Amino acid sequence: MRLTPLVATIASTLAITLSSTAIADEGMWQPHQLPELESILKAKGLEIDAKSISKLTEFPMNAVISLGGCTASFVSPKGLVVTNHHCAYGSIQYNSTTDNNILENGFLAKTPAQDLPAAPGSRVYVTKTVTNVTDKVIKDTQQLSAKARYDALEKNEKALVAQCEADESYRCNVYSFHGGLEYYLIKSLEIKDVRLAYAPAMGVGKYGGDIDNWMWPRHTGDFGFYRAYVGKDGKPAQYSEDNVPYEPDSYLSVSAKGVQEGDFVMVTGYPGRTNRYRIAAEVDNVFNDSYPKAREHNSKYVALIEENAEDGSKARIAYESTIAGYNNYIKNYGSMIESFKKGTMFERKKQFEQELTQWINSDKTRKQQYGDVLNELSALVAQSQLHSERDRMLGYVHRSQMISTARSLYRLAYEQQKPNAERESGYQERDLPRIKAGLERMTRRFDANVDKAILLHFLELYAALPKEERFSEVDKAFKLQNGFDKAKQSALLEQMYTKSTLDNEVVRNSLFEQSFSQLNQSQDPFMQYAKAIFAVMKTEEDKSKALAGKLQAARPQLMSAIIAFNKAQNKAVYADANSTLRVTYGTVGGYSPQDGLVATPFTSLEGLLAKNTNVEPFNAPKKLQQQIKAKLYGDYTGGMNTVPVNFLSNVDTTGGNSGSPTLNGKAELVGLLFDGVYESIIGDWDYNPELNRSIHVDSRYMLWVMDKVDNAQNLLDEMKIVK
Numbered sequence: 009m010r011l012t013p014l015v016a017t018i019a020s021t022l023a024i025t026l027s028s029t030a031i032a033d034e035g036m037w038q039p040h041q042l043p044e045l046e047s048i049l050k051a052k053g054l055e056i057d058a059k060s061i062s063k064l065t066e067f068p069m070n071a072v073i074s075l076g077g078c079t080a081s082f083v084s085p086k087g088l089v090v091t092n093h094h095c096a097y098g099s100i101q102y103n104s105t106t107d108n109n110i111l112e113n114g115f116l117a118k119t120p121a122q123d124l125p126a127a128p129g130s131r132v133y134v135t136k137t138v139t140n141v142t143d144k145v146i147k148d149t150q151q152l153s154a155k156a157r158y159d160a161l162e163k164n165e166k167a168l169v170a171q172c173e174a175d176e177s178y179r180c181n182v183y184s185f186h187g188g189l190e191y192y193l194i195k196s197l198e199i200k201d202v203r204l205a206y207a208p209a210m211g212v213g214k215y216g217g218d219i220d221n222w223m224w225p226r227h228t229g230d231f232g233f234y235r236a237y238v239g240k241d242g243k244p245a246q247y248s249e250d251n252v253p254y255e256p257d258s259y260l261s262v263s264a265k266g267v268q269e270g271d272f273v274m275v276t277g278y279p280g281r282t283n284r285y286r287i288a289a290e291v292d293n294v295f296n297d298s299y300p301k302a303r304e305h306n307s308k309y310v311a312l313i314e315e316n317a318e319d320g321s322k323a324r325i326a327y328e329s330t331i332a333g334y335n336n337y338i339k340n341y342g343s344m345i346e347s348f349k350k351g352t353m354f355e356r357k358k359q360f361e362q363e364l365t366q367w368i369n370s371d372k373t374r375k376q377q378y379g380d381v382l383n384e385l386s387a388l389v390a391q392s393q394l395h396s397e398r399d400r401m402l403g404y405v406h407r408s409q410m411i412s413t414a415r416s417l418y419r420l421a422y423e424q425q426k427p428n429a430e431r432e433s434g435y436q437e438r439d440l441p442r443i444k445a446g447l448e449r450m451t452r453r454f455d456a457n458v459d460k461a462i463l464l465h466f467l468e469l470y471a472a473l474p475k476e477e478r479f480s481e482v483d484k485a486f487k488l489q490n491g492f493d494k495a496k497q498s499a500l501l502e503q504m505y506t507k508s509t510l511d512n513e514v515v516r517n518s519l520f521e522q523s524f525s526q527l528n529q530s531q532d533p534f535m536q537y538a539k540a541i542f543a544v545m546k547t548e549e550d551k552s553k554a555l556a557g558k559l560q561a562a563r564p565q566l567m568s569a570i571i572a573f574n575k576a577q578n579k580a581v582y583a584d585a586n587s588t589l590r591v592t593y594g595t596v597g598g599y600s601p602q603d604g605l606v607a608t609p610f611t612s613l614e615g616l617l618a619k620n621t622n623v624e625p626f627n628a629p630k631k632l633q634q635q636i637k638a639k640l641y642g643d644y645t646g647g648m649n650t651v652p653v654n655f656l657s658n659v660d661t662t663g664g665n666s667g668s669p670t671l672n673g674k675a676e677l678v679g680l681l682f683d684g685v686y687e688s689i690i691g692d693w694d695y696n697p698e699l700n701r702s703i704h705v706d707s708r709y710m711l712w713v714m715d716k717v718d719n720a721q722n723l724l725d726e727m728k729i730v731k
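Under my numbering, the letters of the sequence shown match residues 9 to 731, in that order.
Hint data in this document are derived by calculation from the structure and do not stem from the laboratory. All of these numbers come straight from a predicted model, not from anything done at the bench. A few of these clues could be false.
[Unchecked claim] FRET-style restraints, in silico, Cβ to Cβ:
#1 ALA429 - LYS243: 21 to 29 Å
#2 ALA174 - GLU624: 46 to 54 Å
#3 GLU481 - SER60: 52 to 60 Å
The C-beta atom is built at its ideal place from N, Cα and C for all residues, glycine as well.
Go ahead and model the full structure; you've got the sequences and the hints to work with.
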């Protein structure tokens, strides 16, 4: 691939910086960068060829897969996939009923024929190729600005994706790296028939619940199994009883030996997003405004669900996955805010920008090349924050499933009037299965009373905004012109929910097929709302795109300066996480969360039992408790006097890495990454080698539960266990 001068400079910078840097185990590295790290990796304990980790079509990388939000890996030749319990949580919830609550009791298919269909829209993505397409994406865009630039970049990306997806077996996406300095086209095999094969009981998979979430010591068996299926021709196909298990090119061996303190480990996966190169103005806004308010509103969101859906009821089961997700963010934001207030990140960020500015201004060539980009970007960031409170509150209003469904259907019909290539991203032909799956999932993840209570609460907060910060179309639709009257608005919503039929899957599917003119005639109150606000929301969207186009020009310029500056300081350069395949490495070890405390790196079965109360969330299954008391460890101690449950390492990870295989130096699976310690959550923004620790479920505990508790010998027999 021919590189533009700018991209060539970046590639050169990365190579030089990597080869001359040996620092703390920081960085989420793109696979193609790993050969530059070979000497470091070998010194730490990597036994396989580092070049093999850089090749996506070879072992072990071709065994690592994405679930589109979590990571997983193949662990058998029969398409068996291991990931975190919380990554399969939505599918477990989807298959749970009040009569057969497999969330609580667990599930095991003794044969593949007993596998349960995963939640609609579930996918397994096997990365096949990664191609640098920077030249093609930025072609003819350099002289454009604002929305014209945004539209041109999007058009180029769509063309590349369309060409890549000519074969319907693949899903392709263009990803931006280093703020838009580089673009890569990633082609993945899209397996569409995913089924639930095994999930331990809640007392294993979510032991400790939200109390222990992000905490250490931890005793959670956060693992579960899917199975990937394809048509008899070996190609991806929609669910069919005639489909057969997918045969992966390779799969991981699972270690019953595990790891010891000080051992080398690496994690391969799809980390979601980090923000380590964001500017001070963005850090200030996020930690002093966005996160505190999001935490407050998300807490209320969960409380409203719990107040309007009795524990164990059909409504509560429908929202269990939602509650788990929101509680995760609530605790996440709490730690972020706490760490930010305690730490010096903001001051260091401002200091870095002062030093960067001085470095740029100290050289005429650099000043000419990078100009006043930091101030320009700061001005654009300030512009993006002008209506943040309005956008936040209306965003919560539009989280109502009735509203979000109506708006999605209306926008789809609007976009379908255009040629496919000209439609808004998210509403092209390639996106129809995802939209349809969302309509299907709503059947088991919705309750009218819950949705109504949430909408009423956030309408009140939206109505409290100054009139000039509200949209007249929204005010008119909900009769808020004269302010919020709870009784009046409650009665209005009651009328809307009673009249609407969007809660009926058959109706939703029929609306999915209707044209724009037909939807414009709909008398459904939520469809009428979608119609009433469409024009003003579209105008706001276009304004956002214009601003995004300006940011797309400024961020790459700043990143170019940062990379050059870091090179001059001999500092490592890696791209922020963006849901693409990365590798991170480190060692097993504890940490000191505060003065006077030292956390050891392993927890044990005995520690689990000591924590157990038989009351959720510390309610381990009775059989598990009996096995511990009888010290029936089997062959799963790995040289210890017990079976390790969870362990710590200093690998650099974030959300999206959940379910990632933790590998030893031989690329054997020794655990699954599922969390980080409370003090490391701020790692999305700031890396601290003293406090950055990831939490893994130990492979020995996973195998022990499968063998001694759940009698999952059928799955163990098809896995390659290293003893």
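Structure-based check of each hint:
A hinted range of 21 to 29 Å holds for the C-beta pair ALA429 and LYS243, which are about 25 Å apart. Under the hint 46 to 54 Å, the C-beta atoms of ALA174 and GLU624, about 50 Å apart, fit the expected range. A hinted range of 52 to 60 Å for the beta carbons of GLU481 and SER60 is consistent with their spacing of about 57 Å.
Comparing the model with each earlier hint shows no violations; every hint is respected.
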